[in-house]
Amino acid sequence: MTIEVLAVDDSRTMRDMISLALSTEGFEVHLAEDGEHGLEVLDGIAPDVIITDINMPKLDGFGFIDAVRERDDCRTTPILVLTTESSNDLKTRAREAGATGWIVKPFAQDKLVRALRLVSG
Amino acid sequence: MSDPMQEIMASFFVECEELLEALLDALQLMADGESDVETINVAFRSVHSIKGGAGAFGLDELVSFAHQFETVMDRCRDGSLEIDAKLIDLFFRCSDMLSDLVRCSRDGEDIDDVATGKLIADLAVYAAPPETPKTKTQSIFNRWCLIWMTWEVAMDRGCPTSACPTLICLIWMLRPTSTCPTSTRR
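First to last, the protein sequences are chains A and B. Numbering of the first sequence is given in my numbering, commencing with residue 1 and proceeding in unit increments. Numbering of the second sequence is given in my numbering, commencing with residue 1 and proceeding in unit increments.
Simulated from the structure, these hints should not be mistaken for laboratory data. Values in this document were obtained by computation on a predicted structure and should not be read as measured data. For each residue, glycine too, the CB sits at the ideal point set by N, CA and C. Treat each hint with caution, since some may be false.
[Claimed, not checked] Dumping the calculated SDA-like pairs for lysine to any residue here, alpha-carbon to alpha-carbon at most 20 Å:
hint: 1; chain 1: A; residue 1: Lys58; chain 2: B; residue 2: Asp36
hint: 2; chain 1: A; residue 1: Lys58; chain 2: B; residue 2: Arg93
hint: 3; chain 1: A; residue 1: Lys111; chain 2: A; residue 2: Gly101
hint: 4; chain 1: B; residue 1: Lys118; chain 2: B; residue 2: Ala128
[To be verified] Chain A side only, calculated, beta carbon under 8 Å to chain B, not exhaustive:
hint: 5; residue: Thr13
hint: 6; residue: Asp16
hint: 7; residue: Pro57
hint: 8; residue: Ile103
hint: 9; residue: Lys105
hint: 10; residue: Ala108
hint: 11; residue: Gln109
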């Protein structure tokens, strides 16, 4: 079964890297450039896993996770935070908002793939 | 067939130019006194995104500099550091340096470590919160407590009261024997 992923990141470079890393491993990847855009994309798809950055314009990662968790169709969808931030305060804040896990950039392809397969069951 | 990673790296350097332009625009607004909360957010995210991409390609000098730059900007974002003309001037110089580092990374040129180090040192002044009056007071209090306790212990062990700089007290206190021929106190 193909795992469907929504990746939200304001950096075009990071979106390209995530897309390359996951599509070559057989994932179906949808991309969004900020939290607001991510919510719009979510209207048309039902991803198995969501990846999100934290620092983004319009709607940041925390706001995006909050909004995702308020949607009936995404209450249990695993959300992985992928960011350069690594402070425990931010991790706690993300966990409280409803994030499933946290991966620090730069990411290793195998680690990201393993984490996605793990959380998507 | 082209290497996809090389294509992404080329795209990263194009994105860097856009981010540096956004950074300069934001800094100019700040210099003109026309900035709001989002202006500093835009500046921060520009540096942050350059750092994130640079990390993915192992551009360590770029990452180090951008990290120190964004740390200071983050303090402006959370309100713990006030933005003034001197700081904005530093941000402009850092923006120029960031631009140079991006160019050197892209073109494989040598990086001016001295100039980079100087700016990192300038940023470091703003990166850590200053010692607050409370912690300064606490620090002085702690030192006096230590001296006082040292004095007390030294006196108990028979250190001479007429010649008691703290250092002598410490040395005396650490002596294996507590007897002191000139002491009047036990």
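Hints, verified against the model:
1. A:Lys58 - B:Asp36: holds (15 Å)
2. A:Lys58 - B:Arg93: violated (28 Å)
3. A:Lys111 - A:Gly101: holds (12 Å)
4. B:Lys118 - B:Ala128: holds (17 Å)
5. Thr13: Holds. Min distance 4 Å.
6. Asp16: Since chain B brings a Cβ to about 5 Å from aspartate 16 of chain A, closer than 8 Å, the hint holds.
7. Pro57: holds (7 Å)
8. Ile103: With Cβ-Cβ at 13 Å, over 8 Å, it is violated.
9. Lys105: Constraint on lysine 105 of chain A satisfied, holds at 5 Å.
10. Ala108: For alanine 108 of chain A, the interface hint is violated, since the closest Cβ of chain B sits about 10 Å away, which is over 8 Å.
11. Gln109: violated (11 Å)
Hint violations for this structure: numbers 2, 8, 10 and 11, all remaining hints satisfied.
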